[in-house]
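Start from the sequences and build out the full structure, keeping to the hints where you can.
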Amino acid sequence: MATTTGNSRAATEALIAKFQVAKLLKQGTPRILFPRVIELSANIHATDQQGRRITLLGTIDGEQGILTAERAAFSTESLEVLQAFHAAITRVKNLGDNDIYRWYLASSNGSSDGNGETQQDLKLNLIWPCTSQHIKKYSDQQVRMVTETPEIYKKPCPAFHAGEARRGTLELGI
Numbered sequence: 016m017a018t019t020t021g022n023s024r025a026a027t028e029a030l031i032a033k034f035q036v037a038k039l040l041k042q043g044t045p046r047i048l049f050p051r052v053i054e055l056s057a058n059i060h061a062t063d064q065q066g067r068r069i070t071l072l073g074t075i076d077g078e079q080g081i082l083t084a085e086r087a088a089f090s091t092e093s094l095e096v097l098q099a100f101h102a103a104i105t106r107v108k109n110l111g112d113n114d115i116y117r118w119y120l121a122s123s124n125g126s127s128d129g130n131g132e133t134q135q136d137l138k139l140n141l142i143w144p145c146t147s148q149h150i151k152k153y154s155d156q157q158v159r160m161v162t163e164t165p166e167i168y169k170k171p172c173p174a175f176h177a178g179e180a181r182r183g184t185l186e187l188g189i
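Heads up, the sequence shown is in the working numbering, so the first residue is 16 and it goes up one at a time.
In short, the hints are calculated from the structure, not lab data.
Where hints are given, some of them may not hold.
No farther apart than 27 Å at their CA atoms in a straight line, the calculated lysine-lysine pairs in the DSSO-like style are these [what the hints assert, rightly or not]:
1) 33 - 169
2) 152 - 138
3) 38 - 108
4) 33 - 152
5) 170 - 38
6) 169 - 138
7) 151 - 138
8) 170 - 41
9) 152 - 38
10) 152 - 41
11) 38 - 138
12) 138 - 41
13) 108 - 169
14) 33 - 108
15) 170 - 33
Next up, the structure:
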């Protein structure tokens with residue numbers, strides 16, 4: 016991991032303040048398929064890690080970026096709340112960067128550590144500029160889970176194993 020120093024560190028840290036929040040990217044909801052399909056609400060996972068991480072889509076100087084923030088719990092009920100959270104970020108310290116990926120520690124409130132120093136209670140990850148593939152990765156995605164049952168296993172597997180045995184390619188893994 017490359018680290019920045021001097022003026023480049025200050026410029027890298029300034030990117031967080033320049034980030035313009037557009038929307039919350041959701042992490043998706045699993046769907047369980049086979050033998051029956053169970054559809055779950057699409058809004059269950061707006062945050063992940065029990066509400067300690069949010070991923071925001073926004074822009075810096077007109078280019079799209081993705082900002083991931085982690086802490087105790089995030090309120091995500093409206094764009095205004097997300098923008099207020101972003102506006103409260105202070106004491107940004109760059110931990111390192113590599114091409115379009117950057118890592119930071121920052122503060123989200125005025126809490127002190129007892130010595131008058133503001134605690135850095137956030138870990139921030141910034142991807143900027145980001146591509147459509149980055150946006151897709153952090154957006155809603157269909158996830159499928161297959162539950163094997165003895166009945167499902169009995170139908171296709173013996174025929175497959177018989178064919179492998181006839182070809183001499185069956186490995187039992189014993």
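Item to check | Given pair status - residue 108, residue 38, alpha carbons within 27 Å | outcome: Between residue 38 and residue 108 the Cα gap is close to 24 Å, so the pair holds against 27 Å.
Item to check | Hinted pair residue 33 and residue 169, Cα distance within 27 Å | outcome: violated, 58 Å
Item to check | Restraint check for residue 138 with residue 41, where alpha carbons must lie at most 27 Å apart | outcome: Between residue 138 and residue 41 the Cα gap is close to 19 Å, so the pair holds against 27 Å.
Checklist entry - When you check the alpha-carbon spacing of residue 33 and residue 108, does it fall within 27 Å? => result holds, 15 Å
Checklist entry - CA of residue 152 to CA of residue 41, is that 27 Å or under? => result holds, 10 Å
Item to check | Distance restraint between residue 152 and residue 138, which requires alpha-carbon spacing of 27 Å or less | outcome: holds, 20 Å
Next on the checklist: Need the status of pair residue 170, residue 41: alpha-carbon distance at most 27 Å?
Outcome noted: With Cα atoms ~38 Å apart, residue 170 and residue 41 exceed 27 Å; violated.
Next on the checklist: Need the status of pair residue 33, residue 152: alpha-carbon distance at most 27 Å?
Outcome noted: holds, 23 Å
Checklist entry - Is residue 169 close enough to residue 138, meaning Cα to Cα at most 27 Å? => result Violated, because 49 Å separates the two Cα atoms, which is more than 27 Å.
Next on the checklist: Holds or violated: residue 170 and residue 33, Cα atoms, limit 27 Å.
Outcome noted: violated, 58 Å
Next on the checklist: For a C-alpha distance cap of 27 Å, please report whether residue 38 and residue 138 respect it.
Outcome noted: Status holds; Cα separation ~19 Å.
Next on the checklist: For a C-alpha distance cap of 27 Å, please report whether residue 108 and residue 169 respect it.
Outcome noted: Given pair residue 108, residue 169 is violated - Cα atoms ~57 Å apart, limit 27 Å.
In terms of the numbered hints stated before, the structure departs from hints 1, 5, 6, 8, 13, 15, listed from lowest to highest.
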